[in-house]
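With the hints as constraints, model all of the structure from the sequences given.
Chains as they are written, first to last, in the numbering used here: chain A, 1 to 297; chain B, 1 to 234.
These aren't lab readings, by the way, just hints derived from the structure by calculation. Heads up, a few of these hints could be off.
Said to hold, decoys possible - Rough simulated footprint, nothing fancy, chain A against chain B, three-plus residues with beta-carbon under 8 Å:
| no. | segment |
| --- | --- |
| 1 | 59-72 |
| 2 | 82-90 |
Stated by the list, open to error - With beta-carbon atoms standing in for the labels, derived distance ranges:
| no. | chain 1 | residue 1 | chain 2 | residue 2 | range |
| --- | --- | --- | --- | --- | --- |
| 3 | A | V158 | B | D63 | 48 to 54 Å |
| 4 | B | G234 | A | F83 | 52 to 58 Å |
| 5 | B | S113 | A | G137 | 55 to 61 Å |
| 6 | A | P285 | B | V212 | 53 to 59 Å |
| 7 | B | R70 | A | E5 | 55 to 61 Å |
| 8 | A | F83 | B | A58 | 42 to 48 Å |
| 9 | A | I162 | B | E120 | 28 to 34 Å |
| 10 | B | A214 | A | V158 | 56 to 62 Å |
| 11 | B | S130 | A | T120 | 29 to 35 Å |
Claimed, not checked - If the Cβ cut is set under 8 Å, some of the chain A residues that face chain B in the computed set are:
| no. | residue |
| --- | --- |
| 12 | Q171 |
| 13 | A172 |
| 14 | A175 |
| 15 | F178 |
| 16 | N179 |
| 17 | L185 |
| 18 | V188 |
| 19 | N189 |
| 20 | G265 |
| 21 | R269 |
These numbers come from a predicted model, not from an experiment. The beta-carbon is built from N, C-alpha and C at its ideal position, and this holds for glycine as well.
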Amino acid sequence: MISNEFLQQVVNAISLGAIYSLFALGYAMVFSILGVLNLAHSAVFMWGAFLGLITVTEIKLPLLLAFPVAMVGAGLIAVALDFLAFRPLRRRNAPRISQLIVSIGASALLVSLSQLTFGTDPRRFPFDILPSGAIQGLPFRVTLIQVIVLITALILMVLLNILVLRTRLGQAMRAVAFNQRTASLLGVNVSGIFASTFFIAGALAGIAGVLYGLTYNSILPFMGDQVALKGLTAIVLGGMGSIPGAVLGGFGVAGLERFSVAVGGSDYRDAVVFLILFLMLLVRPQGLIGQKEQTRA
Amino acid sequence: MLLRLDQVAAGYGAIEALHGISLKVERGQVVSLIGANGAGKSTTLNVISGLIKPARGAVYFEDRDISGWRADQITALGLVQVPEGRQVIATMTVEENLSLGAYRRRDRRQIGSDMDGVYERFPRLKERRSQKAGSLSGGEQQMLAVGRALMMRPKLLMLDEPSMGLAPLLVNEIFRIINAIKNSGTPILLVEQNARKALALADYAYVLERGVIAYEGKALDLRQDPKVIAAYLG
Ligand SMILES: Nc1ncnc2c1ncn2[C@@H]1O[C@H](COP(=O)(O)OP(=O)(O)OP(=O)(O)O)[C@@H](O)[C@H]1O
Ligand SMILES: [Mg+2]
Numbered sequence: 001m002i003s004n005e006f007l008q009q010v011v012n013a014i015s016l017g018a019i020y021s022l023f024a025l026g027y028a029m030v031f032s033i034l035g036v037l038n039l040a041h042s043a044v045f046m047w048g049a050f051l052g053l054i055t056v057t058e059i060k061l062p063l064l065l066a067f068p069v070a071m072v073g074a075g076l077i078a079v080a081l082d083f084l085a086f087r088p089l090r091r092r093n094a095p096r097i098s099q100l101i102v103s104i105g106a107s108a109l110l111v112s113l114s115q116l117t118f119g120t121d122p123r124r125f126p127f128d129i130l131p132s133g134a135i136q137g138l139p140f141r142v143t144l145i146q147v148i149v150l151i152t153a154l155i156l157m158v159l160l161n162i163l164v165l166r167t168r169l170g171q172a173m174r175a176v177a178f179n180q181r182t183a184s185l186l187g188v189n190v191s192g193i194f195a196s197t198f199f200i201a202g203a204l205a206g207i208a209g210v211l212y213g214l215t216y217n218s219i220l221p222f223m224g225d226q227v228a229l230k231g232l233t234a235i236v237l238g239g240m241g242s243i244p245g246a247v248l249g250g251f252g253v254a255g256l257e258r259f260s261v262a263v264g265g266s267d268y269r270d271a272v273v274f275l276i277l278f279l280m281l282l283v284r285p286q287g288l289i290g291q292k293e294q295t296r297a
Numbered sequence: 001m002l003l004r005l006d007q008v009a010a011g012y013g014a015i016e017a018l019h020g021i022s023l024k025v026e027r028g029q030v031v032s033l034i035g036a037n038g039a040g041k042s043t044t045l046n047v048i049s050g051l052i053k054p055a056r057g058a059v060y061f062e063d064r065d066i067s068g069w070r071a072d073q074i075t076a077l078g079l080v081q082v083p084e085g086r087q088v089i090a091t092m093t094v095e096e097n098l099s100l101g102a103y104r105r106r107d108r109r110q111i112g113s114d115m116d117g118v119y120e121r122f123p124r125l126k127e128r129r130s131q132k133a134g135s136l137s138g139g140e141q142q143m144l145a146v147g148r149a150l151m152m153r154p155k156l157l158m159l160d161e162p163s164m165g166l167a168p169l170l171v172n173e174i175f176r177i178i179n180a181i182k183n184s185g186t187p188i189l190l191v192e193q194n195a196r197k198a199l200a201l202a203d204y205a206y207v208l209e210r211g212v213i214a215y216e217g218k219a220l221d222l223r224q225d226p227k228v229i230a231a232y233l234g
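If you want it as structure tokens, here you go:
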């Protein structure tokens with residue numbers, strides 16, 4: 001029985017980890033080019049969930065369209081954030097701490113706007129939108145939603161990897177991440193790369209929001225709080241700004257969380273995640289797979 | 001006229017580093033800009049490249065006023081800078097760095113043959129094409145930086161102290177390379193502290209002292225000028 005319970009938590013962790021990874025990827029991408037954590041990322045996640053929801057409940061479009069709508073919508077919100085909040089600060093060469101603080105303010109603003117628009121009661125997708133029963137014939141319980149989550153996340157991660165490593169845009173993003181002045185001397189429009197990066201990061205947060213909303217079927221203005229800490233821990237585990245690291249970190253955090261639920265009950269899971277974050281920052285701030293700054297080639 | 005600076009002043013915040021300098025580069029010329037540490041040589045190149053906005057005066061490229069343009073727009077015009085300290089992208093391979101040089105180009109077919117041309121010019125880069133740029137020696141990184149700039153098909157190539165920090169043998173090699181680029185017809189604006197070698201290569205030269213042009217003239221004449229000899233060739 002214990003091994004069955006364990007297997008079940010592994011299944012749950014994989015599905016949840018896929019969402020955390022998608023979400024953490026956005027933190028990592030923006031951090032690697034901006035050098036700043038965008039703490040409004042969790043609010044973009046929440047807006048993605050609401051945009052996906054209203055696509056189905058208000059506009060009455062099929063669920064399949066909720067994904068692209070949420071991605072584009074959340075991506076545009078992230079781009080607007082860059083234009084209105086970060087870009088004016090960059091222009092003035094403001095210290096990074098100002099950018100961090102502005103991102104906290106932007107987060108609060110986005111949450112308030114959502115409260116004004118949608119109220120504070122949880123919203124739900126129609127209950128029959130996806131069959132919620134387990135898929136038959138497996139030794140553990142897997143729902144269709146969990147399968148969709150995992151497949152969607154894996155496809156997006158592969159696409160992102162191709163984009164960053166194999167395309168002209170990805171090459172320019174890596175150049176900007178390395179050094180903005182050098183990139184601009186090579187003909188890269190740095191502001192354009194910022195906008196593209198924010199768009200992609202926002203789009204990933206948006207679809208993560210929809211998947212999270214479908215998994216728990218409860219969408220709230222404050223839902224971003226539930227993932228903000230997990231995403232931060234994921235990128236600290238994976239080495240700040242590393243894209244494969246963010247994915248591994250996302251799955252790692254979900255594993256820890258599910259494991260602590262299995263062992264100690266759900267009351268402790270956030271405390272465990274926070275403890276891990278704290279220990280990592282103390283002991284291995286470069287992440288589990290990262291190298292020390294000076295040894296990096 | 002290829003490039004013209006007209007009374008350009010620029011600086012960093014309250015500190016003015018250039019106090020109104022004028023200089024010209026004509027088609028087919030190699031022009032050298034020499035001067036001591038902190039004279040304002042890099043600042044001059046960065047104003048031309050659009051990394052620093054001029055506080056007064058103007059920069060003209062092919063008779064067009066480009067003051068205030070963004071750096072990537074200026075680069076796209078063919079006004080290409082190899083910055084001080086080489087600035088290759090350490091985390092990318094040699095080949096990725098070279099292809100980044102062609103970032104703004106659309107002529108896919110010529111890009112490949114230009115890359116072959118760079119590898120012909122720098123056989124050592126070809127051997128190391130899939131190595132990370134950060135693992136190259138200083139001399140190899142300088143060759144990569146120049147090779148990457150050639151991938152941009154420069155109308156004017158600006159080099160900021162290409163011999164800096166290199167062993168004497170490598171310095172000679174770098175100057176041989178610059179000479180070869182000159183002979184292939186690409187105009188060059190060469191910033192150097194090695195005044196002797198820079199003046200030997202250049203057609204015309206400017207001497208910058210604390211943000212003003214102290215001397216200018218044909219490189220041949222400056223090499224005979226007692227004041228220049230005393231200060232820079234002694
Ligand atoms: N980022 C900066 N902030 C403030 N002052 C600067 C900055 N960069 C250069 N300066 C100052 O501007 C002046 C000109 O510097 P610049 O780098 O152009 O000199 P340079 O001739 O290129 O010197 P070097 O041969 O050492 O490279 C110097 O007084 C320098 O201290
Ligand atoms: Mg300099």
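Quick rundown of the hints versus the structure:
1. 59-72: holds (count 3)
2. 82-90: holds (count 4)
3. A:V158 to B:D63: 48 to 54 Å: This hint holds: roughly 50 Å between Cβ atoms.
4. B:G234 to A:F83: 52 to 58 Å: Holds: the Cβ-Cβ distance is about 55 Å, inside 52 to 58 Å.
5. B:S113 to A:G137: 55 to 61 Å: Cβ of S113 of chain B to Cβ of G137 of chain A: about 59 Å, so the range 55 to 61 Å holds.
6. A:P285 to B:V212: 53 to 59 Å: The hinted range 53 to 59 Å is violated for P285 of chain A and V212 of chain B, with Cβ atoms some 48 Å apart.
7. B:R70 to A:E5: 55 to 61 Å: holds (59 Å)
8. A:F83 to B:A58: 42 to 48 Å: The hint (42 to 48 Å, Cβ to Cβ) is violated, given that F83 of chain A and A58 of chain B are roughly 30 Å apart.
9. A:I162 to B:E120: 28 to 34 Å: The hinted range 28 to 34 Å holds for I162 of chain A and E120 of chain B, with Cβ atoms some 32 Å apart.
10. B:A214 to A:V158: 56 to 62 Å: holds (60 Å)
11. B:S130 to A:T120: 29 to 35 Å: With Cβ atoms ~56 Å apart, the hint is violated.
12. Q171: holds (6 Å)
13. A172: Result: holds, 6 Å to nearest chain B Cβ.
14. A175: holds (6 Å)
15. F178: Since chain B brings a Cβ to about 5 Å from F178 of chain A, closer than 8 Å, the hint holds.
16. N179: Nearest chain B Cβ about 6 Å off; hint holds.
17. L185: Hint on L185 of chain A: holds, closest Cβ of chain B at ~5 Å, below 8 Å.
18. V188: The hint holds - V188 of chain A has a Cβ within 8 Å of chain B, the shortest such distance being about 6 Å.
19. N189: Because about 5 Å separates N189 of chain A from the closest Cβ in chain B, which is inside the 8 Å limit, the hint holds.
20. G265: violated (44 Å)
21. R269: Status violated, d = 36 Å.
Against the hints set out earlier in the document, violations occur for numbers 6, 8, 11, 20, 21.
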